[in-house]
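Asker: Sequence:
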Amino acid sequence: MSSLPDEIIVNIFSRLPVKSLLRFRSVCKPWSKLVSDPDFVKMHFNHAIENNNFSLMLRDYYLYSVDYDSSSSSLSLSDEAVEIDYPFKSSRYWVKILATKEYKKIPKTPIEHPMGYGIIRAIKYGFGYDCNIEDYKLVRIVDFYGYDSEVKVYTLGSNSWRRIQYIPYNFSVGSIFGVLVNGALHWIAKHYIRSEASRLILSLDIRDETFQEVPQPENLNDQLHITFGVLGEYLCILDNCLYMVGVEVWVMKDYGVRESWTKLFTIALQTVVQSFQYLRLIQCFNNGEILLQKDNNALVLYNPKHERTRILKIRGIPKRFETVTYVGSLVSLNSGTYVEQEQVLQAIEHKKKIQMEKRKTRVSLNSGTCVEQEQVVQAVEHKKKIKKEKRKTRGLMLVFSCFSK
Numbered sequence: 001m002s003s004l005p006d007e008i009i010v011n012i013f014s015r016l017p018v019k020s021l022l023r024f025r026s027v028c029k030p031w032s033k034l035v036s037d038p039d040f041v042k043m044h045f046n047h048a049i050e051n052n053n054f055s056l057m058l059r060d061y062y063l064y065s066v067d068y069d070s071s072s073s074s075l076s077l078s079d080e081a082v083e084i085d086y087p088f089k090s091s092r093y094w095v096k097i098l099a100t101k102e103y104k105k106i107p108k109t110p111i112e113h114p115m116g117y118g119i120i121r122a123i124k125y126g127f128g129y130d131c132n133i134e135d136y137k138l139v140r141i142v143d144f145y146g147y148d149s150e151v152k153v154y155t156l157g158s159n160s161w162r163r164i165q166y167i168p169y170n171f172s173v174g175s176i177f178g179v180l181v182n183g184a185l186h187w188i189a190k191h192y193i194r195s196e197a198s199r200l201i202l203s204l205d206i207r208d209e210t211f212q213e214v215p216q217p218e219n220l221n222d223q224l225h226i227t228f229g230v231l232g233e234y235l236c237i238l239d240n241c242l243y244m245v246g247v248e249v250w251v252m253k254d255y256g257v258r259e260s261w262t263k264l265f266t267i268a269l270q271t272v273v274q275s276f277q278y279l280r281l282i283q284c285f286n287n288g289e290i291l292l293q294k295d296n297n298a299l300v301l302y303n304p305k306h307e308r309t310r311i312l313k314i315r316g317i318p319k320r321f322e323t324v325t326y327v328g329s330l331v332s333l334n335s336g337t338y339v340e341q342e343q344v345l346q347a348i349e350h351k352k353k354i355q356m357e358k359r360k361t362r363v364s365l366n367s368g369t370c371v372e373q374e375q376v377v378q379a380v381e382h383k384k385k386i387k388k389e390k391r392k393t394r395g396l397m398l399v400f401s402c403f404s405k
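All residue numbers for the sequence shown refer to UniProt numbering, where the first residue is 1 and numbers rise by one.
One thing to keep in mind: the hints can contain errors.
Across the chosen pairs, the derived CB separations fall in these ranges [claimed, not checked]:
#1 V82 <-> E259: 40 to 46 angstroms
#2 N52 <-> I120: 24 to 30 angstroms
#3 G157 <-> P304: 37 to 43 angstroms
#4 D37 <-> R258: 39 to 45 angstroms
Dumping the calculated DSSO-like pairs for lysine-lysine here, alpha-carbon to alpha-carbon at most 27 angstroms [to be verified]:
#5 K152 <-> K104
#6 K294 <-> K319
#7 K137 <-> K42
#8 K105 <-> K152
#9 K33 <-> K19
#10 K101 <-> K294
#11 K42 <-> K105
#12 K101 <-> K19
#13 K108 <-> K353
#14 K104 <-> K352
#15 K104 <-> K33
#16 K101 <-> K42
#17 K19 <-> K313
#18 K152 <-> K108
#19 K353 <-> K104
#20 K108 <-> K137
#21 K105 <-> K353
#22 K42 <-> K29
#23 K319 <-> K253
#24 K305 <-> K263
#25 K33 <-> K101
#26 K101 <-> K29
#27 K104 <-> K42
#28 K29 <-> K19
#29 K263 <-> K253
#30 K319 <-> K352
#31 K19 <-> K137
#32 K137 <-> K152
#33 K19 <-> K42
#34 K253 <-> K294
#35 K263 <-> K294
#36 K19 <-> K152
#37 K105 <-> K313
Treat the hints as calculated values from the structure; they're not laboratory data.
Even glycine gets a Cβ: it sits at the ideal position worked out from N, Cα and C.
Construct all of the structure, not just a fragment, from the sequences and the given hints.
Answerer: Here is the structure:
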């Protein structure tokens with residue numbers, strides 16, 4: 001490849017999988033420098049999004065990853081979910097680049113009730129990129145019973161949290177994770193002060209951190225059972241109205257404009273091979289097939305052209321889970337910490353702990369205050385007592401023997 005112009009090499013590399021690029025870093029210094037270049041990393045990430053190169057992440061108590069070819073939707077019986085390795089499962093917040101295994105622990109932040117106390121109903125999260133400051137943000141929404149919800153934002157670059165506001169909405173239903181469309185995160189919410197009971201879609205603009213209600217189609221059958229996601233580049237609603245003929249799929253072709261909502265198709269109930277309460281959109285493949293999650297226990301592949309569905313069988317997935325998508329990336333967190341490094345440190349700490357316990361035991365034995373030592377002393381005394389009793393018994397036997405003669 002030395003005869004190729006640099007521009008062509010960069011173009012080829014920017015379309016390769018992350019795993020291949022990580023291996024190329026050890027081939028030669030120029031390639032290693034290219035793969036680590038921030039401009040190249042950004043180009044590679046943009047190409048991955050354009051080409052729909054997503055992977056699946058399943059979450060229950062642990063995290064699992066499922067790779068697939070997004071161009072062919074080749075999820076099949078041979079696919080397997082792999083548990084994501086991270087040695088800090090007790091930490092609530094962290095960011096990890098799965099390909100490079102670089103991670104960063106996010107500092108904890110207290111939950112602050114507007115009245116100083118209260119009952120938490122739900123906690124929602126969202127993660128997105130702010131192109132204005134070229135940094136990533138984590139959003140946490142804490143829903144309190146009968147009070148405004150607290151909203152805090154963590155910025156990766158500053159490594160700090162800040163509360164942006166309290167909002168008069170509750171988030172008791174819907175996915176834990178916000179859906180990112182058009183530079184904004186979206187959740188299903190309900191205004192707890194207004195009298196109407198219908199649920200709505202609430203968005204948070206990642207850049208200016210402002211909330212607004214997103215208009216929904218005027219003729220939805222059942223607002224109480226909507227789920228939503230991203231279909232192509234559009235915000236998409238699934239109207240899970242089970243007393244109708246099926247699940248209606250709507251897309252907003254002009255973001256923010258109510259009249260632009262268009263019903264694409266209806267997933268007939270009889271096409272889904274198992275009963276369900278709701279379907280949630282996960283991913284749209286380049287061949288037109290759509291990946292859906294059925295309730296919290298199965299993944300379904302739907303073909304709109306042929307109106308067929310099939311339940312995907314993937315080895316190693318938990319019985320109940322929530323699914324999100326992610327893009328493989330070479331982005332650096334500039335943390336200098338990696339999973340393997342953390343595992344080595346934990347192994348060293350574990351070894352130190354064992355050695356410390358051994359030292360404590362030796363010190364306790366020398367000072368005579370150890371429980372195990374006391375037990376040993378008692379056993380020795382008991383053994384001496386038994387021997388003494390045996391001597392007395394032998395003496396009595398000898399005396400008895402003399403008298404018997």
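Asker: For the pair we were handed, K105 and K152, check the Cα-Cα distance against 27 angstroms.
Answerer: Distance ~17 angstroms between K105 and K152 Cα, so the pair holds.
Asker: Taken at face value, is the distance from the CA of K152 to the CA of K137 at most 27 angstroms?
Answerer: holds (10 angstroms)
Asker: Could you see if the CB distance from V82 to E259 stays within 40 to 46 angstroms?
Answerer: Roughly 45 angstroms apart at Cβ, these two residues keep to the hinted range, so it holds.
Asker: Does K19 pair with K137 here, judged by a C-alpha cut-off of 27 angstroms?
Answerer: holds (26 angstroms)
Asker: Run the distance test for K108 versus K137: straight-line Cα separation, threshold 27 angstroms.
Answerer: holds (15 angstroms)
Asker: Assess, step by step, whether the Cα of K29 is no farther than 27 angstroms from the Cα of K19, and give holds or violated.
Answerer: holds (18 angstroms)
Asker: Against the 27 angstroms threshold, does the CA-CA distance of K108 and K353 hold or violate the hint?
Answerer: Holds. K108 to K353 sits at ~26 angstroms (cutoff 27 angstroms).
Asker: Take a quick look at whether K101 and K42 sit within 27 angstroms of each other, Cα to Cα.
Answerer: Given pair K101, K42 holds - Cα atoms ~18 angstroms apart, limit 27 angstroms.
Asker: Between K33 and K19, does the CA-CA distance stay at or below 27 angstroms?
Answerer: holds (16 angstroms)
Asker: Would the hint linking K101 and K29 be met if the CA-CA limit is 27 angstroms?
Answerer: Given pair K101, K29 holds - Cα atoms ~21 angstroms apart, limit 27 angstroms.
Asker: Does the structure keep K19 and K152 at a Cα separation of 27 angstroms or less?
Answerer: Violated, at about 34 angstroms.
Asker: Hinted pair, alpha-carbon criterion (27 angstroms max): K104, K33. Please report holds or violated.
Answerer: holds (23 angstroms)
Comparing the model with each numbered hint stated earlier shows that hints 2, 10, 23, 30, 36, 37 do not hold.
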